[in-house]
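J.: Whenever a hint applies, use it, and build me the whole structure from the sequences.
Protein chains: 2
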Amino acid sequence: MTRRIIVIGAGPAGTLLSCYLARRGFQVDVYERRPDPRLLDEDESRSINLGLSARGIKALDDLGLMETLRPLVVPMRGRAIHLPGGALPFQPYGAHEGEILHSVLRRDLITTLVDHAEAQPGVRFHFGHRLVELDREAAAVRLVTGEDEEVTAAGDAVIGADGVFSRVRAHMQRGLRADFHQEFLEWGYKELTIPAADDGSPRTRLEALHVWPGEDALIVAHPNRDNSLTGTLFLPFERFDEITDPERFLAERFPDTRELMLYLAKEFAEHPVGHLVSVRTSVWHHRDRVALIGDACHAVYPFYGQGMNSALEDCTVLDRCLGDHPDDLGAAFAAYQRLRKPHTDVLDELSKQNFVELRDRLRSPLHLARKKVDLLLARLLPGRWVPLYTMVSHTTIPYGEALDRAERQDALLRGAVTAAGVALAATLALAVRRGRGGRRC
Amino acid sequence: MTRRIIVIGAGPAGTLLSCYLARRGFQVDVYERRPDPRLLDEDESRSINLGLSARGIKALDDLGLMETLRPLVVPMRGRAIHLPGGALPFQPYGAHEGEILHSVLRRDLITTLVDHAEAQPGVRFHFGHRLVELDREAAAVRLVTGEDEEVTAAGDAVIGADGVFSRVRAHMQRGLRADFHQEFLEWGYKELTIPAADDGSPRTRLEALHVWPGEDALIVAHPNRDNSLTGTLFLPFERFDEITDPERFLAERFPDTRELMLYLAKEFAEHPVGHLVSVRTSVWHHRDRVALIGDACHAVYPFYGQGMNSALEDCTVLDRCLGDHPDDLGAAFAAYQRLRKPHTDVLDELSKQNFVELRDRLRSPLHLARKKVDLLLARLLPGRWVPLYTMVSHTTIPYGEALDRAERQDALLRGAVTAAGVALAATLALAVRRGRGGRRC
Ligand SMILES: Cc1cc2nc3c(=O)[nH]c(=O)nc-3n(C[C@H](O)[C@H](O)[C@H](O)COP(=O)(O)OP(=O)(O)OC[C@H]3O[C@@H](n4cnc5c(N)ncnc54)[C@H](O)[C@@H]3O)c2cc1C
Ligand SMILES: Cc1cc2nc3c(=O)[nH]c(=O)nc-3n(C[C@H](O)[C@H](O)[C@H](O)COP(=O)(O)OP(=O)(O)OC[C@H]3O[C@@H](n4cnc5c(N)ncnc54)[C@H](O)[C@@H]3O)c2cc1C
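If you read the sequences in order, they're chains U and B.
Take the first sequence: its letter number 162 is residue 162 in full-length UniProt numbering, and every next letter is one higher.
Take the second sequence: its letter number 361 is residue 361 in full-length UniProt numbering, and every next letter is one higher.
Be aware that a few hints might be false.
Straight-line alpha carbon distances no greater than 25 Å define the calculated DSS-like cross-link-like pairs of lysine-lysine that follow [unchecked claim]:
id : chain 1 : residue 1 : chain 2 : residue 2
1  : B       : Lys-371   : U       : Lys-352
2  : B       : Lys-341   : U       : Lys-352
3  : U       : Lys-58    : U       : Lys-266
4  : B       : Lys-371   : B       : Lys-352
5  : B       : Lys-341   : B       : Lys-352
6  : U       : Lys-372   : U       : Lys-341
7  : B       : Lys-352   : U       : Lys-341
Hint data in this document are derived by calculation from the structure and do not stem from the laboratory.
T.: So, in structure tokens, the structure goes:
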């Protein structure tokens, strides 16, 4: 008999998972709180854009979906760093062709995945359905529609892909011995647009991820297909209320925002302030009945650009575990957590560190030099020397292994620098002795 | 006008706080889910015992309450360590007279505090009242009685002293940017009794905290006034289910449990397995309307014996802040969190480390030797060299300062050992050179 899986949430994780589950022959019902994004006009569905990198691409590629998506993305070939003095250095990503990121609208990604999934036998989407209750023993759910009607459903298992404030997680863990870590960054964010120029051309280099690094304000911007860019302004939370003249505030720090962000004052006043939350938790599943995926079980600060990518990668790991345990959902869920959680825990650390990097270190000449050494070594020792950022963003080496390897490389580099220093000192000492006509003891 | 404070929870924190608030002239209503402990007979209110140490004693003493309590406690003058071979070394606590702990029944402590509080004008206790809802803006609560009646109340502020799974905390933080960390130890616990001998005398040294250290099982026991001791068996969670013959299991590890724990098999079968939870969170208050105290805002693993002691100490810190800001509850609550949280965060770390110490290191000769060096230095340098354990358990030095000072002492000791080593090496080298008749270069 065909097994039925109920997926809650049609974000990146829920939609891609439904495609993988369909391929394994499951019957899949996806329930999503929000309306069908395909039925909204552009304005209603103002969409954020996200940086898609190797892990996400691989997860999409395995189902042949990257080809469908490619016309909808804008490549980002490196970081363009807006320095206070006006300089705009460009750091290419990675050492090799193809080590680039892609900017994609969330709406485009979701729509592509929903279209693909619905074309598979057995997959149904139910938009405008909000989960209100889960019976974790029965794998049964109660939902409420936009018209306040109640709907119930039951399956062999329920998968919570309902994001960082997951209701599935709350119901699944209630009263159980569950570890739970939730942290809010003391910074929030707001979206600001860099519109295309009047002639339709981009106002700044398009195929790049733009960063305005700063200690008390930080902007990151991704390009869009219409030659606009969408910027995200990060500020300490209380700042959003204190700033009375946002144009002046930003121009003092980042002079070029004046020519780039034309609607700054209006957008600053109108756009909401977003929270940045990180979540780590355990357990990720309840027997063979409930499991979590994506932000629902590991949400990170967005400073490594890996939240969605890791959510998509989760689908491939869970899919593999379902393949390894074809008749035992409980074993598959347990294996999935065992294989995956150590790596998403590492991602959590890395994402926290990258906040500091983006904020403070990107402007430091020493840091830029270190980046160059890293890239140089990567070119000289192809495949043998891989900078951490490259491993995280441009490969699918599990996060934990990437960190281990980066730490070994760092130790080697430090060792080499020390050895070079010692050799230099020895050479000098010898020279001095020779000069003095030193005798043997 | 007299201000009214609603306290939720009549555990150690809530009952002592009501005494402090009464002294400051507040009207206080304490609501507690459970029935009045004074109305239960001994059997119904099977009570755990807790180790009371300097911080708790100081907090009680400031209100003259330690004198009332003293006849009800049993002093613990050191640790009696039950080693597998049968040896029973005794480590006296601290270097000085008076550096001892006291074993107290939770019921005796609570009863003493409730009696004292009720004798103050303006303090009322409402037992059998469970909080079900809090309106954090209005400082209003809805409660349900044992007879399922609904009761509402409102005050100037609500203080959540409702323990590690605090409902006040949940309602106060709902939807706000609150950090929250909850971890369950992978070990649980069960209570086991060491009854007095038939002639009424204790079966083992009474005035001590007893420890049976082990890697895969750990027992701690506190003495009772009736010459019995109450032991707490800690085991990895799944073990509780796996063990079919608890007497044999324990006798293999701790031979003397056979003569001491006479009801082991029965108690092992009947007593529930307790969870060990740690909680760190922020914020601890909502404006001038709600604040948290005790386990509700910082719960630790019990391995440093500081959970209740720190909860009692919280009362003194909050009381001081109320004194510093007599007309501004919001400022008092903010100051309380600012002063207190850094130290309870340190306690969390220490309590986690002490689990490892109790489990693994207590049996190590090196560790026992190090303890002796520490105590010796403490005797030789009174007031200038204080072991960490002594500072935490026998002084009221804030936890964070205690840790800093211990780290400085450790560095000094390591430095001294290194210096001694270097001096020794130098002396040897000199001797060898002299022996060889070394020449000058
Ligand atoms: C400012 C910012 C920038 C980011 N940039 C990047 C980036 O460049 N690259 C990257 O990889 N990641 C980025 N991320 C992270 C990324 O957005 C998330 O990691 C990703 O969206 C997680 O996908 P998900 O499907 O697990 O959860 P979500 O995207 O949160 O989707 C959850 C879905 O579940 C639905 N849902 C929730 N509750 C219910 C309910 N009760 N009933 C039914 N449905 C429900 C929601 O409506 C939603 O559609 C960024 C995040 C932020 C905040
Ligand atoms: C095995 C073990 C051993 C320990 N040993 C020690 C020790 O030796 N020394 C030490 O210092 N600490 C010890 N502790 C820790 C100590 O028990 C706690 O830190 C302490 O009890 C905290 O006091 P509290 O008043 O904050 O919370 P609690 O003691 O948990 O009291 C909370 C009160 O609130 C009530 N309540 C809860 N919810 C509601 C509601 N919705 N409505 C109304 N009332 C409610 C509860 O019934 C309870 O009476 C130990 C803990 C454990 C588990």
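J.: Is it true that the CA of B/Lys-371 sits at most 25 Å from the CA of B/Lys-352?
T.: Distance ~19 Å between B/Lys-371 and B/Lys-352 Cα, so the pair holds.
J.: Given the hinted pair U/Lys-58 and U/Lys-266, is their alpha-carbon gap at most 25 Å?
T.: violated (39 Å)
J.: For B/Lys-341 and B/Lys-352, compute the direct alpha-carbon distance and say whether it is at most 25 Å.
T.: The hint holds at about 17 Å.
J.: With the threshold set at 25 Å, check whether the alpha-carbon distance from U/Lys-372 to U/Lys-341 stays at or below it.
T.: This hinted pair is violated, its Cα atoms lying about 32 Å apart.
J.: Is B/Lys-371 within 25 Å of U/Lys-352, Cα to Cα?
T.: Cα-Cα ~38 Å, so violated.
J.: Assess, step by step, whether the Cα of B/Lys-341 is no farther than 25 Å from the Cα of U/Lys-352, and give holds or violated.
T.: holds (22 Å)
J.: Between the alpha carbons of B/Lys-352 and U/Lys-341, is the straight-line distance 25 Å or under?
T.: Between B/Lys-352 and U/Lys-341 the Cα gap is close to 22 Å, so the pair holds against 25 Å.
Hints 1, 3 and 6 from the list above are not met by this structure, while the remaining hints are.
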